[in-house]
Structure formats: C-alpha cells, structure tokens
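K.L.:
Each chain is listed here by its residues.
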Amino acid sequence: MRTRKALLRLARLAAVLLVVSTLCFLSLNLLPGDPARAILGESGTPESVAALQQELGLDQPLADRYVTWLGNILQGDFGRSYANRQPVADIILQRAPVTIELIVLSQLIALAVAVPLAAVAAARRGTAVDRGISSLVFLAVSVPSFVLAFVLIWVFAIKLGLYPANGFIPVSDGLGQNLGSLFLPALALAAGPAALYQRVLRADLVETYGQEFMNVARAKGISPLRMAVRHAFRPSLLGLTTSLGVVVGMLIGSSVIIENLFSLPGLGSILAQSVSARDYVTVQGVVLVAATSFVLINALVDLLYTFIDPRLRKPRTRGRQARRAREVPVA
Amino acid sequence: MTDGTLLSIKDLVVEFPTGAGTVRAVDHVSLELGYGERLGIVGESGSGKSVLARTAMGLTRPGTARISGQVTIAGHPVLELGERRRRALWGREVAMVFQDPLSALHPITPIGEQIAEAARRDPRTTRRQAAARAVELLETVGIPQATRRVHARAHELSGGMRQRVAIAMAIACRPKLLFADEPTTALDVTVQARILDLFDQLCAEFGIGLVMVSHDLGVVGRHTDHVAVMYAGRIAERGPVRAVFARPSMRYTSALMAAIPRHRAAEQSLPRPIPGQPPNLLAPPPGCRFGPRCGQASPRCHAEQPPLLALGDAPGHEYACWHPGEADR
Amino acid sequence: MSTAILPTGSWRRRLRAWRLTDALSLTWLGLLALAALALPLFLQLDTETMSATERLAGPSAQHWLGTDNYGRDLLARALSGARVSLLIGFGSVAAAALIGVPLGMLAGYLKGAVDAVISFVVDVILAFPGLVLALALASFLGASVSNVMIAIVVPMTPVFVRLAKAQTMSVAGREYVEASQVIGTRTWSIVVRDVLPNILPAVLAYALVSVGSAILIEGGLSFLGMGVPPEQPSWGSMINNGRIFISEDPRLVAVPSLFMLLTILGLNLIADRFLSPSAAATGGVR
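Protein chains in written order, with my numbering: chain A, 1 to 331; chain B, 1 to 329; chain C, 1 to 286.
Among the clues, some could well be false.
Which residues of chain C face chain A? A partial, calculated answer using Cβ under 8 angstroms [claimed, not checked]: (1) D123; (2) F128; (3) G130; (4) F140; (5) S144; (6) V145; (7) I244; (8) S247; (9) M260.
Worth flagging that the hints you see were computed from the coordinates, not collected in a lab. Bear in mind the structure is a predicted one, so any value in this text is a computation, not a measurement. Where is the CB? At the ideal position from N, CA and C, for every residue including glycine.
Turn these sequences into a full structure, and let the hints steer you where they fit.
P.N.:
As structure tokens, this is what we get:
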C-alpha cells in the first residue's frame, strides 16, 4: 500500500515535470507570429531570421521539434542564448552557484534570527516580549524585499559605508570578501522568510507547550532551556518544514529582483536581463530550471516530514498536526 | 517506615482569577501524610482534587493562580521556593503520574530516552548508567522485552504499557512521594486493576508515599491507607480508609459510597447516582456546599459552613457535616 | 493537499476586537482609494509636467512631497501609482477568486476525475515560482495593465482553487449538506446554497492578503521594467526610476516605497483579523 502510494506520487511528479517542460517549449514556439522574428525583433535581418529559424528547427513539424527539444534538454542541451551565442546550459551552470549561495546564506540568516525569536516568544507567550516580537515580525512580512534592500543600501552602504552596495566578489578572491558582497542582498532576502518562519514556529511551539508532555517534562524537573530544545522543538517543526517549500518559491522570485538590484551575476539577474533583451531561449532555460528545482525541493520537503515526525510514517496516525502542516497555501 | 511527615498541607487556598470572577478551586485544605503511606483524594470532576495535587507539588504557576497556605514535602517548604529550587525537588523527591499516558509521553523521543532523562536527574548518574537504568525500570514496571522496548515510541505501545512507562519515568530517581492524578481513568477497565496493583507493589517495594487522586471511591478504598473526600474545593471527610468506609459520616461520602457498584450477592443493589450538579465555584452556595444536593439538609446547613470535626472512632477520622450519620441505604 | 485556513470559526469574535492598528489601516486604505479614484474627478493630477528648475526639489507648498529628477510632482505620481496598484491588486485578485473558487468548489464537491484534472493543472501552475511565472508571462504578453493583470492572475488562481477545494471538502462532509442530498436537492444548488456561504469568510480573508501580494508582484514587475507601460506611473516604476538617485536623494525611492509598504501592511493587518497566523504569514505569492 505504501509503495503503491509512493509510486503514484512519483508518477505524478514526473507528469508535472513533463507538462512543465512542455509548457516551456510551447511558450517559445507559440510566440505570436514567427518565433524567430519575435526573438530578433526589429533588428533581425532576413538572413539572421532564416538562420534562427533553422536553429530552432522551425521548418519541422511541431511534434518533431518537441521530441528533439526534449531529447536535447535531457542531455543538458538548452540551446544557445541569442544575446551572446553562449550555450544556455553554460550560462546556467556558471550563474547557479551565485544564486544558490545567496539563497542558502539568506536562509541561514533567516533561521538564525527566526528560531531564537520564536523560542523566546513561545516561552514568554502572551507577554509584552511576545507581542513586541510579533509586531516586528508582522512588519517584516509586509515589507517588499526590494524596499528593504533600498533601506539596507542607504544605511549600510551610503550612510555607514560598511558594505559595497553593488557587485559580486567570487570566493576565489577570499571567502570574507565573497560573503561581504552577499551580505546585504542576503539580508534583504532573509527578512520575509525569517518573519514567516518565526510566525509558523512560534504558533507550533505554543501549541506544543500546551501539551501534557510539556507539563510532564516540567514535573520531571527539566530546565526550561532543555525543555525548549529537547522537548518542544522537534514536535513543532512541521509548520517550519512546510513553509520551507513556500519560501523556496518566494526566494526564487525575489532573488530575480534582488540580484538585479545588487548586480549579482546569478540566475535571477540573467532572467531579468533575458526578459528585457527578448532572449527567449535563455528565459526558457532558466524558467525550466527554476520550476524543476522548485518541484523537486517541494518533493524533498514532503519526504522530510516523515524524518521529523515518525508518527507520520503510519498513515493511520496522521493527526491534526500533520494536516495542519499542509495548510499553508503554496504559491 | 521513618517517622515524621512526608507531606504536610496547611490551610491551602488556590484561586484562579477568570474573566467572570474568581474561582476558589481549593478552599482551606489541610492534609498530612507520613513516609510510605498512601492517601487517596476522591471527588467529582471540578472538586479541586487535581488542582490540590498539582499545587501541592508546586506545579501550579504563581502567575496563573493566587495561592496561600503552606506545603511541606520531606521538609522542603514547596510554596516558598522559587521555580529553580522546586525543580531540584521534582523528579527526585517528588514525582507525578498523569492521567492520559498518551499525551503525557513525548510523541517522538523513544521511551527509553525519556526514562533515562528522568534517571539522569540524579547528577551522579552517567549517560550509560541512565540507559541501563531505563531498561531496569521498564522491567520493574512489568514491561516484557525491555531491551527492545526502550526504542519504542509512545504511539507504538498500548494504553496500559504507556502508563507503565510513565510510572517508570516517575520512579526513576526513587522519589519519596508520588502523586498520581487519575492514573487509570484513561485506561481500559481490564488494565486499570493491573496498574493499580503495580502502584501497590512499587509503594511496598520502595517505600514510596503515594497521593492518588481519583473520582472513584472504590479504587481509592482498595489501594490506599487514608482517604480524603473533596467537595467543591473543601475536605468533606477524611480518615483511615477502614474507618471512613465503616462509618461514612458526611452525607456526600455516603452518597459516593452508594454510587459504587457492588458485586457481593448479599448487597446486590443498583448504584445510586447523586442527584444534581456540583456547585458553580464562581458563586458557591452559602453554608454547606453539598446542601443543595443533600436529602437531609436543614436550614442550618444552608446558613453555616460545618467545620471538620473528629469522630473519635479512629485517629484522624474527621468529617464536615451538621447531620452526620449512616447512609440511608 | 488541503488548504484549511478556516478562520477558526470565531471570526465574528475576532471582528469585534478592533484595535488601533486596524482603524489606522482602514483610514490609510480609505484615503488612498479616495485620492486615487475620486480626486481625479475634481482635480487634474499633474504627473507629467517636467521642470528643469525644480529637479529633485524638496517638499514645498506647491509640491508637498517634492519633485523627482525630471521635476515631476512626487505626490501626484504616487497617487496616480496608487490607482494602478489598487486597480491591478483588487482586479487581479477578484479575477483569480472568480475563476479559482468555482473550480475549487467543483473539485472539492465532485471529487473523482474532475478533481484529478483540476488538481493536476493546479500542480503544474504552482510548479512555477510565482514571480518567475509572472515575469515570463509579462514578457511574452507585452507591457500593458491588462497583461500585467493576466500575469498575476495565472499564478494566483491555483491558490484559490486549493483553498476553495479544501473548504468545500470540509463543509460538504457536514451533516446538513448530506441532509440536503438525501432529500434530493440538485448537486449544484447544494454547493451554491450550502457550501458557498460557509467558505466565503475564508476566501475573503485570503483575498485581502492576496491583494497585497498582487500589488507586490506588480511593483516587482514594474521595477524590472516588465510592468505597466512607462507612460503610466506606478510605484514599482517610480522606485526603479529613483534607484540611481538613491545616494543623492533617497526621497525618490522612499516615497513610492512608503506608499507600497503602508498599503500592503494595511491590507495584511485587516486580513489578520480573519486569518489564522500561519496562513496570513505566508502572504501568498511573494
């Protein structure tokens, strides 16, 4: 029964990815009018249009083109960027590390801020401390990442001159420099997720603190710190895990803006550039990679549940907590 | 057994401020218990018996309730200690077994670790010793295949097993005093008797003093030495079990006894439920609080609160009633 | 895949507990709507007049919030941007809800094949990160207010589908709906009469949060130059325009940012009256 369920989910995952890739393919091939002309725009000479038509295989039937395209994608051939003739796969491989580093760094910051704040708020639930943290967090939820980015740039880069506002320094030039160049953008990206993590974790922690086993722990003479860390934390991680999936989607989106804003050579900024430059082959490749990673990460998050809470391995015992864990609307 | 008092409760009052007014859950209660003795506290739900037990152990948070009176456990003035110094007592001098073992056990941590954590409350115990002790304790409380079971989680065990685990956790450091708050209420009837037998066995074996809170006078009668009957936050009657059962003197006690199903053929009669509802603690009736439900209540009962009076048939048998007497069965 | 963000059954009680922040939020949103929608009827908002002498001028009697790098009035442009943002925000959310809720109710009520198809489409759309999909759509469709709305409606609709489906499933299981079935009421009329009123509070609450998200996406798209056409001032394009002046005159960025922030904050605060914390926290698409 469990294997069958797992296989069904796997099949569904594969089907979603197949349709996603098909949509990416169609988006380019169903551009109004002649795709080659649309890509080249006004500047296209008849020769270059003809060349592109051939490169895109526009002389062949749509179905044939799709099969060829899908075969190429599976072999890691995403076509060539029309802006600079580089293979799109190379562009992606070159830029993905920057985006991944930025996102990982921002999430480390977000968790480092959110987890203690959630723990303090939950332990002091209902007090002024809790309300103060909640208000701050509510503000953070509502601040657009790029607005926060400007505030950070203005304070840290312009007024204090502490961090560069622009550009990326690779790790080869020193880890400190590298992290310094990512600090402000990571901070801008961290605020929203940190707020979300804090809210979700605090709510779950408060629920856990209300459970009898926490009274039992106290009656055992366990210290509040040990109670928080050893008893309350793990049963309260389901919401946080779920929000991880939501956050990845948020981050992929806001990194487009933030990378553009801080001139970081990541996937987000190339997406924004390619969109402006009508470099649709690159757009297609980046969108496909972004969507695929997003789907796979969400599948991984689903798997994570069972490691966090062994009760979920038995479908029968899936309780309220398990259901609630999936409540957060994903977008 | 050692002479002297293990648990002493003097004039304890516990009040909870609520939006609608103040609820006095425990109203001037005094009790004493010697080392190795077993006391049963009996009452309907809402009689304040659980609040009494939790407050006596020091678990009721001062922020949520107004507490006055004195509680001494093995010489420690519990209510005068701060949370940190109370914590030093919890698990080591005094422990508690809770009502619902499923919610009382941690859902994720294996039971062995939970017991070992309790065992490590004794600072001399190493991690390794604590793990071994967990196995030993599981055997003590009668769980077979203990070496394998330490890795189990609460949801993988039956209700009775879970309560055995909770008991193992409570006695891990050999406390002098054990509170058991309705320890069998959440269990199947067939399992209840075995858990109660386990309490008997552990108290005898380790000389643990026991306070068992229950709504079931029958249970308390068979498994404790003393009994205190609570009604609406007050002690209605208390004394040695034998004496109280032989001469129930407060009308509520008689009514509770009439409500116990009997099995002996000679006494076969249907249990008689007590009419009416326990009083609303936001506005308790004046005089005797059982008055409105009592068949024998006189005008005096509705006007004056009866004090606890010694009956004289056995040391410590006291009752609070203006018209004591045999139950009208 | 449930999305049960029911307002815990006590939304009436929550409604009564208005706080100062709620009053402030309503006041801000009311004033903004009034200024953006009604003011142009009486008074021509001058968003375009440039002035060589009044570039980057500070606040004055004539220009309450000063001028931008072309000498255009910032307040007039911010209010004009409010019109675009509110139109896109409320418009796209209304469209997403009107498409998504019936589909979700259908899926939740009929289950089976209908549910399978709808849920699959939802999964496919949600496979794309919200802003990435909006950006790709906006770039393929071209810059216009209606295209931006389409770019926002597509990633937003699936969330309404999931929400309505989960709510419908929980409501449809209740006894009174089953009672209607027993006495032979037609399926669809059961859904409309019994289910819809029950899921409406949750949908409305979520819609409020989504308006904030939609405004955010519009801002992001305009910021990247993929939003509304440049002739129409919008908060995002104002920020984008002001970014190179951030060290000289942060006001150019601050004014539209503040308008956007206060608006989203106000919407979130009001939605928070109805929503469970976990749902409000996600703020939908970001």
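K.L.:
All hints are to be evaluated individually against the structure, with a verdict given for each.
P.N.:
The hints, checked one at a time:
1. D123: Since the shortest Cβ distance to chain A is 5 angstroms, the answer is holds.
2. F128: holds (5 angstroms)
3. G130: Result: holds, 5 angstroms to nearest chain A Cβ.
4. F140: With Cβ-Cβ at 6 angstroms, under 8 angstroms, it holds.
5. S144: Violated, about 14 angstroms.
6. V145: Since chain A brings no Cβ nearer than about 18 angstroms to V145(C), farther than 8 angstroms, the hint is violated.
7. I244: Interface hint status for I244(C): violated (12 angstroms vs cutoff 8 angstroms).
8. S247: This interface hint holds because 5 angstroms falls under the 8 angstroms limit.
9. M260: holds (6 angstroms)
Hints 5, 6 and 7 from the earlier list are contradicted by this structure; the remaining hints agree with it.
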